[in-house]
Amino acid sequence: MAKLVYLYGIIPKNDSYKEKLSTMKGLDDFHEIHTIPFQETEAVICHLDEVQYGEKELEKKTNDVKWVHEKAFHHHEILMKLYEEFPIIPMKFCTIYSGEESLAKKLDAHQENMIELLEFIKDKEEWIMKIYCDPSKVRENVSEQNTTIDQKRKEIGEMSPGRQYLEKRKLDQLIDQEADREKDSFASNIHEALASISLQNEVKKNWNKDVTGRTEEMCWNSVYMLKNTAVDDFLNHVKELQDKWEPSGWQIEVTGPWPSYHYAKIG
Amino acid sequence: MAIEQSTGSSNLVDVLETVLDKGVVIAGDIRVGIADVELLSIKIRLIVASVDKAKEIGMDWWETDPYLNSQAALQEQDKLKEENEQLQKRLEKLEGKLSEDSRLP
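First to last, the sequence lines map onto chains A and B.
Every letter in the first sequence is one number past the one before it in full-length UniProt numbering, and letter 232, counting from 1, is 232.
Every letter in the second sequence is one number past the one before it in full-length UniProt numbering, and letter 97, counting from 1, is 97.
If we strip away everything but chain B, and leave its shape as in the complex, we get (with noise of 0.2 angstroms):
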């Protein structure tokens, strides 16, 4: 049986939680530091979500009214950008405390 599908995002959740924290480690020869689950997942879904935005926004510019779907798309732009501000803090926050983890007692 293959496995279940869901939605998306959490399959990425489901697929980086085993990936990278599981899975049986024979140390390699080459030193890899990857970022954490929670921070990688974070990042991952903001890039996505931006493009998929991006494109909704570009198809109502070519595809209707200029004028009307310009508002609107200055509108939906604004509200990307507090997403993506509100992403970033939360980002950075996290890389704060990651930061302040890794630092040598």
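Bound-form chain A, shown alone (with noise of 0.2 angstroms):
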């Protein structure tokens, strides 16, 4: 029967690998992971049955939130796993082909930017940053600390109790908009720091609490990459900032080295 072509990732042509995957199972936990050689690269793929995964029955596969989660942190560990022994280029998760010779094709049109990508990623991380903090001790402390609030306070002080209450609401906002500068602006001299020290960086999308779980509130998310000899210089900064900040409810907190989802790109 005719087998689909699930990919995970490209990795250089390397002698040592077949020990590496051989007990790995792929996406099915059936079909076990192995590669397939295109001139200098090795495609890192398992098999998966034409019935069980063809488009209608992996849209409903798709549509299962358990199954997608399973299966997604299943892509991760595989390419997590790679990673540790071989540059890899990472594949989109589900990225699936009708056959070998499909795949072959595909592969055979991107081998030259593939074999300068793997080069280029060789010696580089990936790492990701995360700033959450406590929305209302910024708050208390923009509330108490900044001057224009501060003086803003003693004016109402002095008003008629009438307007005092109005003033006092507009204030409120006032409070709220400086302590959005203050997330803004702390992050984003975090970032700056780091940045100096990356090759590359990219400012990612923050995620409400609805996403994260956290009580905290994310105030930043990027991502670097890294040459491999400036990793350590790159933590031990972060871990003074961590130091420095953690006392004021700031969070700072790194992760990584991940496959270079961020920077391998093609075409």
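No wet-lab data here; the hints were simulated from the structure.
Covered stretches of chain A, as calculated for chain B (at least 3 residues, CB under 8 angstroms): (1) 48 to 56; (2) 70 to 77; (3) 87 to 99.
Straight-line distance between alpha carbons at most 25 angstroms, and here's what the computed DMTMM-like set of lysine to aspartate or glutamate pairs gives: (4) B/K43 - A/E217; (5) A/K92 - A/E77; (6) A/K106 - B/D21.
The following residues of chain B were derived to be distant from chain A, with all beta-carbon distances above 10 angstroms: (7) Q77; (8) K81; (9) N84; (10) E85; (11) G96; (12) K97; (13) L98; (14) S99; (15) E100.
Fair warning: this is a prediction, and the values are worked out from it, not measured in the lab.
The C-beta atom is built at its ideal place from N, Cα and C for all residues, glycine as well.
Got two chains here, each in a separate frame; can you build the complex from them with the hints?
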């Protein structure tokens, strides 16, 4: 029976991969993960049954949250295991071809690009930084320390009770605005410092609390491409910043190294 | 160095935002549509939260005084219901937004 091909990523041609991969089961928990050589590279794949993973069946699966949760982590874990051993071009989750021939055609067209890319990423690491804060703490600090707000508060104190009520509400809004500004300027200062150590960086979307499931608010989310030799420097710097800012409620969290999800690009 | 562990939930977002949104795209032959990271994270958290809480409630029933704890469990259930409703509302809003977004002009 014809088999579909699930592509995890591309690694450089390597003789030691066979033992490393032999024990890993693929996306369907049945077919084994193995590689197919393409000139100077190897494609890491697993076969999938055409009936169970055809377009219609796959649509049912991808609508099942539990399935996506489990398999997205499977994809990520396999890439992490490979990444421990080789530089790897990671594919997006659920990249599936109708057969090996079709895959070969696609890869042939990008062969040169991939060799360059593997060369580019082999001595680099990708790290993600997220900054969280306690919004009420930031607000409190701003309210106490911001001179404009302090000035306003004094002015309000001298007004008639009726006006005081209105002006206090306005002041509350001002404090909110200043607190947002404070979060952004704090986080972008941290980012600038880390960006100066990195080769490339990208600011990503902040996720709200429903998504993160945390009580703190995410106020920065960014990714850095670092030279291997700069990683220690980067992490030491992060550690210093964490020690310095944690007491005031800022949580600076880094994760990595990740396979080059953000910086391996083709085409 | 391995990925530095933080809490489970932020790890979920980390993985989803990279695996689903990033990575190299060389168009595959099988078309796949997957919900966006925001929607998916909320749905996953909803499932995980329900299972965890249900387990907690179950344990109370079996292991301690049934009368007192069925009361406690009911309260828990109410809280859970309320939380689920809130998340459900948020989900519906997002799904509404999503189907508007994907509508052709």
